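**Q** The residues making up each chain are set out below.
There are 2 protein chains.
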Amino acid sequence: MILWKNLDTLQAYSKLLSLKGHVNLAEAMSGESGKERVAKYAVRMGGGLTYNYAAKAVDDEVLAALKELAEEAQLSAKYEALYNGEVINTGEKRLVLHQLTRGQLGSPVVADGVDKRAFYLSQQEKAAEFARGVHGKTITNETGEAFTTVVQIGIGGSDLGPRAMFLALENWAKENGCLKMNARFISNVDPDDAAAVLKSVDLPHTLFVLVSKSGTTLETLTNETFVRNVLKDAGLDPARHMVAVTSETSPIAKSSDYLAAFFMDDYIGGRYSSTSCVGGVILSLAFGPEVFARFLNGAAEEDKLATNPDPLKNAAMLDALIGVYERNVQGWPATAVLPYSQALSRFPAHLQQLDMESNGKSVNRFGEPVHYVTGPVIFGEPGTNGQHSFYQLLHQGTDIVPLQFMGFRRNQAGMDAEIQGSTSQKKLCANVAAQIMAFACGKKDADPNKNFEGGRPSSIIIGDQLTPEALGALLAHFENKVMFQGFLWNLNSFDQEGVQLGKVLAKRVLAHDTDDALRAYSDLLDI
Amino acid sequence: MILWKNLDTLQAYSKLLSLKGHVNLAEAMSGESGKERVAKYAVRMGGGLTYNYAAKAVDDEVLAALKELAEEAQLSAKYEALYNGEVINTGEKRLVLHQLTRGQLGSPVVADGVDKRAFYLSQQEKAAEFARGVHGKTITNETGEAFTTVVQIGIGGSDLGPRAMFLALENWAKENGCLKMNARFISNVDPDDAAAVLKSVDLPHTLFVLVSKSGTTLETLTNETFVRNVLKDAGLDPARHMVAVTSETSPIAKSSDYLAAFFMDDYIGGRYSSTSCVGGVILSLAFGPEVFARFLNGAAEEDKLATNPDPLKNAAMLDALIGVYERNVQGWPATAVLPYSQALSRFPAHLQQLDMESNGKSVNRFGEPVHYVTGPVIFGEPGTNGQHSFYQLLHQGTDIVPLQFMGFRRNQAGMDAEIQGSTSQKKLCANVAAQIMAFACGKKDADPNKNFEGGRPSSIIIGDQLTPEALGALLAHFENKVMFQGFLWNLNSFDQEGVQLGKVLAKRVLAHDTDDALRAYSDLLDI
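Those protein sequences? They're chains A and B, same order as listed. Per this note's numbering, the very first residue in the first sequence carries number 1; after that it's consecutive. Per this note's numbering, the very first residue in the second sequence carries number 1; after that it's consecutive.
So that you can see chain A by itself, here it is in the shape it has in the complex:
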């Protein structure tokens, strides 16, 4: 039987608290001991990836305590309940089914009288068929010409994930001859966002994908009208240039304003929707359905590995546990995400939403205040760029910031250059290896300004190349990590009540229905 208990009521947590500062990381990572840790503290992931946590401030004793915590918090059983269709999203009383978009982990999940796996598959196949139609020119613009660009209109989860995924595979696809369409994104309600994108595309050959689960997202509907106006002004028929991704119950689901509609449902949260048709339509159009299927396979493989109840064999669970140790026991308030791959330039922005929107909460899943800290601030930029920017603080600042590195042995494009005896790719990899050790071990110097304390923990996910499978596994890893952390903190990671108040107040401003400081700000901003 599953018990949903607050972190600070668990016995294993009390034990963990006694292990604060237990490991001297600089010592542990030096000499033979360091070499052994790199070999030993590694877990195989999906998509050919490995999670290496040698440079985390843990040892066998801390890991044993984390394993006890995983058991007492019933992490595995809770994941099982989730993928078997329990109402995990207690706030909105919903199932949480994003894993079903890429595989069947447990028994069939029937909701609203429908087998949900079959439903998601049908939408995926519909998107694939539509993409084949566009690529094969059976689906064209008004004058029978091919669409060459696809533009997604969406915000938050309908934007960040799909955008990060597209950028992650754009150059890989070019190199492998499967970039079938260019993709662009419009998200901000700032009219300059839509204006810039619309000016940069070849409008008669552009297809728009409108993404709004509810069909009522103000920013997205505003941008839709903006785009429709521009299409009309250009003498084009908006209904021939736009498809919708929404839920079957949304006002736009059955509209004749769209060339086609693809469906998701309330059991997939926006920030978990990259593998649903929210990501599937644009990624299938951009790269072809086969590439999207490979991406889903990587995610499915990783989901399956995350079912292992032993955290030492379950990278997502272990990553989650170490994160809670760092946040609640060591007391570190932020985490940096640092991919050594330019293709992952917007992956940190996606993880920022995924993590902070899921676990940035102060009440537990029953609505009771918790008395411990929850989700950390997440930020990051690709290395080596970050090294020449904010790494100064990471190395020598007064706060310790745990680090999440990613690195690949091979780059995506066929181009490279050997300079000073090594390729750019080798230099890139040498830098991430060097950073891990610099953070962990530091370096004593008589000049305190040049002294590095070390003791700054990191993990790294290593892969051979950022392929569709590797990307899928990477995405699922973090989704599952966030889910396990939500279980540990006893939160509902799948609602987002914190975004509601701002929406309500913005409407009041626009209706001029304010008479306090809000009115004063409105006047300053000339609203």
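Among the clues, some could well be false.
DSSO-like cross-link-like pairs, simulated, lysine-lysine; straight-line CA separation at most 30 Å [stated by the list, open to error]: (1) A:Lys78 with A:Lys67; (2) A:Lys426 with B:Lys507; (3) A:Lys507 with B:Lys35; (4) B:Lys304 with B:Lys67.
It is worth saying that the hints were derived from the structure and are not from the lab. Being a predicted model, the structure only gives us computed values, none of them experimental.
Position chain B relative to chain A; hints supplied.
**A** Chain B only, in chain A's frame:
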């Protein structure tokens, strides 16, 4: 006489510590009191901007204490010493002269036998003349054709600032008919970065700007060779396609490998170099020298306002003081930068470097450890995008994150659409106003999951439009804020020793000169 003292030795700081939690922000911002605060707590800035701090958790008593702190810490006198040419960068024993690139605040500064203002002006004029030559087609490619695209090769301060500034004005320039060349940037040593940019440009008509102060930055030199190889392979003469921005003493300063060279010097740190020729060459080429001059004027105006010893009339100083109150007294470890302008999409990344690299330090300017926290973690994305992402944590997370909003009454492009009774621009502004109030006042709800505590402080910088002048003022504001905070924490904000160790270790990896965990990581990454 200037005394450089640690923050915790100042009397005014002890007083400030006693004011922890002094203001109930939710109460203060409600009703009449809130309206009064919005009118009263505002400071005029350069470029037509205003800094409004009504929603910060301060009142007249806290402000009086901050003013005492400013006086005791001699903020004004230290700024004066800086712009008059004292050796403020104690670590590297250098002057700090970036303000001289945009104006003469004090007496002439002569260093190395040269009037530095005249020197910077001469380089600026040289860049202007070069840009006029390119635009007027007196400077062309090998076959006499015009250059249409400019690509900057640089990293860190040679990339983030200029890139953020270009993006900030790109659409404004299009709208105002002064986008003279497209601009792109190559920074990461990841070969996929250079490959993607090179594939996207029209190589015969592309001019490259190589930026490295020392002329020895490994990533930049690697990318330079990469680019030169590609130019040669395309049958082009690299020397006809590349200019250098560097210091006069650098190995590349006098090379015939470049069409032209523009100089900066050791008195301008990378992250403070956007107004030097590091930003000047590419921005003058992209927008024309007149636009770059307007940008400098905005910065100069803001620099001048920052000389006011009264923090209530000096936005940068006040912003700095409030930040120290939040960081050291209230104990909040991060700050979010949230521009409600898509054009400022990379401005947070620039501020992240500016702030975290300047003040992410644990020793004071004399190399002695400090016993208080210094620079916070800085992160951010444009609103309204962030609202649909990480704002959940900002509203309802267990940690309080102070917020720095920016908003403009008018957008840059001429395009907008009226939807549901308001334009996109009005919706954008309504959202930022609503967010400020939602964070400050919150909203009681019987359902704790829908309850907003409020008490989450923010400031906003408001302008009419993001013009070159406004952008210059915005940039200078944050440079000066960071400088004043460095003075308060008694740090040297102008060196970055924390980035050195990683460089040294990376070289050892590439030379295979390692035999510990670093070797083990190198093997995993196949180096």
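**Q** None of the hints should be skipped; say for each whether it holds.
**A** Against the structure, the hints come out as follows:
1. A:Lys78 with A:Lys67: 15 Å, holds
2. A:Lys426 with B:Lys507: 11 Å, holds
3. A:Lys507 with B:Lys35: Holds: lysine 507 (chain A) and lysine 35 (chain B) sit about 19 Å apart, inside 30 Å.
4. B:Lys304 with B:Lys67: Between lysine 304 (chain B) and lysine 67 (chain B) the Cα gap is close to 19 Å, so the pair holds against 30 Å.
When the structure is compared with the earlier hints, no violation turns up for any of them.
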